[in-house]
Amino acid sequence: MATDFHNAMRAAGSLTAPGDRGEASDATPIKASARGIVLWYGETQALFDVSLDIPDRAVTALIGPSGSGKSSFLRTLNRMNEVMPGVRTSGRVEIDGEDIYAPSVDPVLVRARVGMVFQRPNPFPKSIYDNVAYGARLHGLAKGRDALDTLVADALHAAGLWSEVAHRLHTPALALTDAQQQRLVIARALALQPEIILMDEPSSALDPVATARIEELIDELAQKVCIVIVTHSMAQAARVSHKTAFFHEGRLIEAASTEEIFTNPRDARTHDFITGRFG
Amino acid sequence: MSDTTYSGPQPLGQTQVQTDFRANPHTVRAYGDELNQLTAEVTRLGGMVESQVADAVSSVARRDVALARAVIEGDVRIDDLQREIERRAIRLIALRQPVAADLRRTVAALKLSLSLERTGDMAKGIAKRALVLAEGEPMLPLTRSIERMGKLVLSRLKDVLDAYTTANLDQAMNVWAHDDDVDEHYDALFRELLTYMMGDPRTINGCAHLLFMAKNLERIGDHATNLAEIIHYELTGEDVLADRPRRLAQDAQS
Chain A
23 MATDFHNAMR AAGSLTAPGD RGEASDATPI KASARGIVLW YGETQALFDV
73 SLDIPDRAVT ALIGPSGSGK SSFLRTLNRM NEVMPGVRTS GRVEIDGEDI
123 YAPSVDPVLV RARVGMVFQR PNPFPKSIYD NVAYGARLHG LAKGRDALDT
173 LVADALHAAG LWSEVAHRLH TPALALTDAQ QQRLVIARAL ALQPEIILMD
223 EPSSALDPVA TARIEELIDE LAQKVCIVIV THSMAQAARV SHKTAFFHEG
273 RLIEAASTEE IFTNPRDART HDFITGRFG
Chain B
37 MSDTTYSGPQ PLGQTQVQTD FRANPHTVRA YGDELNQLTA EVTRLGGMVE
87 SQVADAVSSV ARRDVALARA VIEGDVRIDD LQREIERRAI RLIALRQPVA
137 ADLRRTVAAL KLSLSLERTG DMAKGIAKRA LVLAEGEPML PLTRSIERMG
187 KLVLSRLKDV LDAYTTANLD QAMNVWAHDD DVDEHYDALF RELLTYMMGD
237 PRTINGCAHL LFMAKNLERI GDHATNLAEI IHYELTGEDV LADRPRRLAQ
287 DAQS
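Protein chains in written order, with the numbering used here: chain A, 23 to 301; chain B, 37 to 290.
The shape of chain A in the complex, shown without the other chains (with noise of 0.2 Å):
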């Protein structure tokens, strides 16, 4: 398998990302791995050179301060910065050891594999139903109304948010809370059966229970799938995440597991940033 090809590779010391120090565990195989990436918006590079190393089923925290890089990097690993015009990137994304930068593949299957969450939620103004429904009968995943039925509370459930709206599946999704709405968009993300899940700050525009219980979603999802997330609280990267890289003016400055970074960050920057004294 590509997997174990590249693991043993990077055992080998020959794939180390520079500025990676390595897994949240030794154990943790590699999801997704990025490899020299350039970003040019128009005449502005955003990214200069980054590599990094994502383990499976763990949460990898992207911080640093605004127009860091950070979100640019997020969107990498779905070719999502494609759609914005005057965008260039350059360098190489694998997930499972393929290249989803190549030729051959179709941008909409990437993004089917990897599913994004936004900081706003952001429900279609259509029913709770469709919109866990949408992405499934355009990729087609479910036959039948009770095939679909199952995957779209399956969904739910996995969002944790069955039990509030099991009821009114067919009212409007607008109609919920600010919560419940990220939630859900979480819960259209999961019926595609996504490897990984990239989220861009998803409970900045929420209060702090409504945070709690994303970050308990988020710790739940991380058994079965491989989770990004892009932070600005220290304190939620280490809550929630089992590595951390810290990105600064366009470049990674060090990543390690989240429990180093947060007691010995090896870099005054990466130090500097963390405890608050930046700026």
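These aren't lab readings, by the way, just hints derived from the structure by calculation. Possibly wrong hints are sitting among the right ones.
Residues from chain B shown here face chain A by an in silico Cβ test under 7 Å; the list is partial [as the list claims (entries may be wrong)]:
id, residue
1, Thr63
2, Val135
3, Ala136
4, Asp138
5, Thr201
6, Ala203
One-sided and incomplete, this derived list gives chain A residues near chain B with beta-carbon spacing under 7 Å [stated by the list, open to error]:
id, residue
7, Tyr156
8, Thr172
9, Asn286
10, Pro287
11, Ile296
12, Thr297
13, Gly298
14, Arg299
To list a few chain B residues with every Cβ distance to chain A over 12 Å, as calculated [claimed, not checked]:
id, residue
15, Leu103
16, Arg227
17, Glu274
Idealized CB from N, CA, C, for every residue including glycine.
Let chain A serve as the given structure and place chain B on it in line with the hints.
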């Protein structure tokens, strides 16, 4: 015994470990002030403990009852300050959620203050026995040996506290690497006391007290080593990897 020299912090990854985080100010100034206060209080506690040990040791050789009493009574101030440091550290953890070097500095303050408080107890123990000895016949050669050992232990304590105040890793590790000097002194004193007791059973009572004093001093020496290890953790984030020379010696004996 293997030669234990410390060659300074090892370079890790692409960047050097930075040990002088204390000098770099916080964006939230009150937070930085609280951390600085914590360090200052530990330094103050260290100074108090150091003078308690010094006074306890001189009270033995000089048969100074008043000084010994002052040491015994002074211990309560050390306990109070230790509790105050503990309270401040817990408050800081609860309200500021320190991470990285700030967290290590806070945890180090907690651990150092506990170790120092116990060192203070040792000094009190020595002073109590000094009171008892002052009632008996003078045993000058022996109390001088205690005084010499006391000076040695005190210089280790002073060095390690200076290392803390100035965030000097090399100085702390120098204390750490030379903890066998005190042990050798203790072994010599132990043999000396045995010889006395065998030669004249009337000295047994006094010698037993001196033996406990020597043991207390030896433990103060261990605390100095422990303080050096905590300082190493605070400044580098790493445990002192190599085993202590003393432990190697013990293993060889057993």
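Structure-based check of each hint:
no.	hint	in the structure
1	Thr63	holds, 5 Å
2	Val135	holds, 5 Å
3	Ala136	holds, 5 Å
4	Asp138	holds, 5 Å
5	Thr201	violated, 21 Å
6	Ala203	violated, 15 Å
7	Tyr156	violated, 40 Å
8	Thr172	violated, 43 Å
9	Asn286	holds, 3 Å
10	Pro287	holds, 5 Å
11	Ile296	holds, 5 Å
12	Thr297	holds, 5 Å
13	Gly298	holds, 5 Å
14	Arg299	holds, 6 Å
15	Leu103	holds, 44 Å
16	Arg227	holds, 45 Å
17	Glu274	violated, 7 Å
Consistency with the previously given hints fails for numbers 5, 6, 7, 8, 17, ordered from lowest to highest.
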